[in-house]
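2 protein chains.
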Amino acid sequence: MASTIIPTIKFLSQPTSLAWVEQAIAHLDTILLDHSHCERKAAGAALNLMFRYPSSSHLVRQLTKIAQEELEHFEQVNQWLERREIPLAPLNAPPYGAKLKAQIRHNEPQRLLDSLLVCALIEARSHERLGLLAQYCPEPELGAFYRGLMASEARHYGIYWVLASRYCDRQEVEQRLEELANLESEILVTLHPEPRIHS
Amino acid sequence: MASTIIPTIKFLSQPTSLAWVEQAIAHLDTILLDHSHCERKAAGAALNLMFRYPSSSHLVRQLTKIAQEELEHFEQVNQWLERREIPLAPLNAPPYGAKLKAQIRHNEPQRLLDSLLVCALIEARSHERLGLLAQYCPEPELGAFYRGLMASEARHYGIYWVLASRYCDRQEVEQRLEELANLESEILVTLHPEPRIHS
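Protein sequence lines correspond, in order, to chains U and C.
All letters in the first sequence, in the order written, are residues 1 to 199 by the working numbering.
All letters in the second sequence, in the order written, are residues 1 to 199 by the working numbering.
The hints are simulated quantities; they were obtained by calculation from the structure and are not laboratory data.
Hints may be right or wrong, so weigh each one.
No copy labels: a pair is met if it fits in one copy or bridges any two.
Below, in silico cross-link-like pairs of lysine to any residue (SDA-like), each with a Cα-Cα straight-line distance of 25 Å or less [stated by the list, open to error]:
1. Lys10 with Leu183
2. Lys41 with Val189
3. Lys65 with Ile86
4. Lys10 with His106
5. Lys65 with Pro87
6. Lys65 with Glu139
7. Lys41 with Gln68
8. Lys10 with Ala134
9. Lys101 with Ile159
10. Lys99 with Glu179
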């Protein structure tokens, strides 16, 4: 295998390294547990935005759909955990999420723009990495499960991006996305020692 | 009509007063908007508990279902708002929720017990009041909608109560429920001047 994986998801500045794939494949159970946490957090992120912008009907409608889908995936991942007898347990979060969230500016409308783009990037990276798990997972049934989730993750990052473009100036969206995408890839250049979806 | 409405939901210490029914029927649009906020908050409450107790598989499974149903109801209420051309807008919350949450003790396992019982009581009161709206609403189609939601609310307060009984000492559950139910009814004795589901 090459040291990076192509093709790059258009949204992301840099593709995931082979080192992450090797780490993930060697720790499938931990990755599955972390994935459960990620789905719950993704539902929480959508709901938080619904609480912060309760009057934006279109935004609220789209976020409701995302939250519902994330909860469905959360359930599905938990069924996999149960089947493998992996107890639900807390896991230290990798620095990825906190570092990205630290980039969200505090004043509106920048806060909305940054929040939507951070969500978009996390979804885009999840989409890419679930795709890698689908491709390289040595267990065909689990691989098929990951493949099945990929389409939703792709739809989600698309929705977040479209929302950003709807509520914010298009040129500013492009420019900020580039900045945040570069940072997102930079965070992942150093593989976090604990295996995670976003290590 | 009598000044109180019978029968009392078993869970609740006192039934809702006629004054609330009159206030609600006179402000159906505001009640519908507040109901939308209530459904979103109910989903948020379930999700918050999932974040606080991520390792309790059974609890997490039950709360996931509740959060999913609340989001479905949230969507349905929002469709009603759209149909009536009521824009999604923030509304001052009545003191009800904050006063109940102030009763949640800070140390475990009391915190879990109180959180579950507060959720149970809010769902029980919602169930009772949606039933009253179903009964007294002058618009048959809207009344039928409220009737349709009642069963879920009843199931939800049952689930929260069963969870409390599963994770906490049964006798303590009974005693604390009585205390909190008395307080819950007391909060509602004085009708809040702004029409709300929990005014």
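The hints, checked one at a time:
| no. | hint | result |
| --- | --- | --- |
| 1 | Lys10 with Leu183 | within (15 Å within a copy, 56 Å between copies) |
| 2 | Lys41 with Val189 | within (23 Å within a copy, 39 Å between copies) |
| 3 | Lys65 with Ile86 | between (29 Å within a copy, 21 Å between copies) |
| 4 | Lys10 with His106 | neither (28 Å within a copy, 47 Å between copies) |
| 5 | Lys65 with Pro87 | between (28 Å within a copy, 19 Å between copies) |
| 6 | Lys65 with Glu139 | neither (30 Å within a copy, 29 Å between copies) |
| 7 | Lys41 with Gln68 | both (12 Å within a copy, 15 Å between copies) |
| 8 | Lys10 with Ala134 | within (19 Å within a copy, 51 Å between copies) |
| 9 | Lys101 with Ile159 | within (19 Å within a copy, 35 Å between copies) |
| 10 | Lys99 with Glu179 | within (14 Å within a copy, 44 Å between copies) |
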